[in-house]
Amino acid sequence: MCKKAMYAAIGKVESDLADDETIIWSGFPDRKIIHTKINTFYWKNVAFFIAILAGVVATLFIQPPQMNAVFGVLASLAAIRAIGAVFAWNNRKRRFNMAYALTNKRLISVNGTTDELASWYSPSIDSMRIKKCKNTSSFFLRDTELRFTMELYYISEFKRLNSLLTPYTPQGLDVRQDNKKIKTKKSALAPTIQTHGFKKAA
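Using UniProt numbering, the first residue of the sequence shown is number 1, and each one after it goes up by one.
Everything labelled a hint here was simulated from the structure, so no lab data went into it.
Worth double-checking, as some hints may not be accurate.
To be verified - Listed next, the in silico BS3-like pairs over lysine-lysine satisfying Cα-Cα at most 30 Å (straight line):
#1 4 <-> 131
#2 4 <-> 159
#3 37 <-> 4
#4 159 <-> 12
#5 105 <-> 132
Turn these sequences into a full structure, and let the hints steer you where they fit.
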């Protein structure tokens with residue numbers, strides 16, 4: 001996340017708080033992970049298009065009987081990869097510009113670039129998946145009844161956040177962590193679901 005987007009996200013969260021609302025936890029995607037992901041994404045695509053270019057050059061020299069068909073296949077692969085890269089980049093950019101906060105009333109996710117804010121009041125989490133990446137974890141949270149989801153990417157304080165989210169999960173919930181199921185230990189606080197301000201999943 002760039003500093004401009006970070007400050008915008010912080011300001012958006014603070015300005016949206018109610019008078020009796022306090023922040024228990026706040027965080028952002030880890031900047032080192034972001035840098036690594038961006039570099040990996042960039043160089044993978046560069047390598048792919050170099051390979052396509054090498055294939056085109058080789059085809060020109062070899063001149064196989066069905067050269068037009070080979071060119072068509074290479075061009076199709078390049079076009080599909082280019083379109084996929086555009087959509088994938090937009091999705092990664094959205095993730096990297098996020099900021100998150102847990103208050104005494106709700107879980108907040110805000111995009112520092114677009115100023116879009118999603119609130120999950122008194123969250124009731126009945127599906128949780130945790131994916132580790134180096135020294136961070138990403139959380140994929142869901143209320144299946146309301147069809148509401150919230151994703152928190154590359155959190156460095158994942159242990160603390162996990163413990164803070166435990167009261168909002170039912171006792172004995174199967175949490176999928178790196179394709180392994182673990183049980184929650186604490187009992188739920190049985191929070192009341194409020195639908196105001198929810199952003200439903202498609």
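For each hint, the structure was consulted:
For the given pair, residue 4 sits about 28 Å from residue 131 by alpha-carbon distance, which is consistent with the 30 Å threshold. Restraint check for residue 4 and residue 159: satisfied, since their Cα atoms lie roughly 28 Å apart, inside the 30 Å limit. Distance check on the hinted pair: residue 37 and residue 4 sit about 20 Å apart at the alpha-carbon level, within 30 Å; holds. Taken as a hint, the residue 159 and residue 12 pair is honoured in the structure, with Cα atoms around 25 Å apart against an allowance of 30 Å.
Of the pairs offered as hints, the one joining residue 105 and residue 132 holds, with about 27 Å between alpha carbons and a cut-off of 30 Å not exceeded.
Comparing the model with each numbered hint stated earlier shows that all of them hold.
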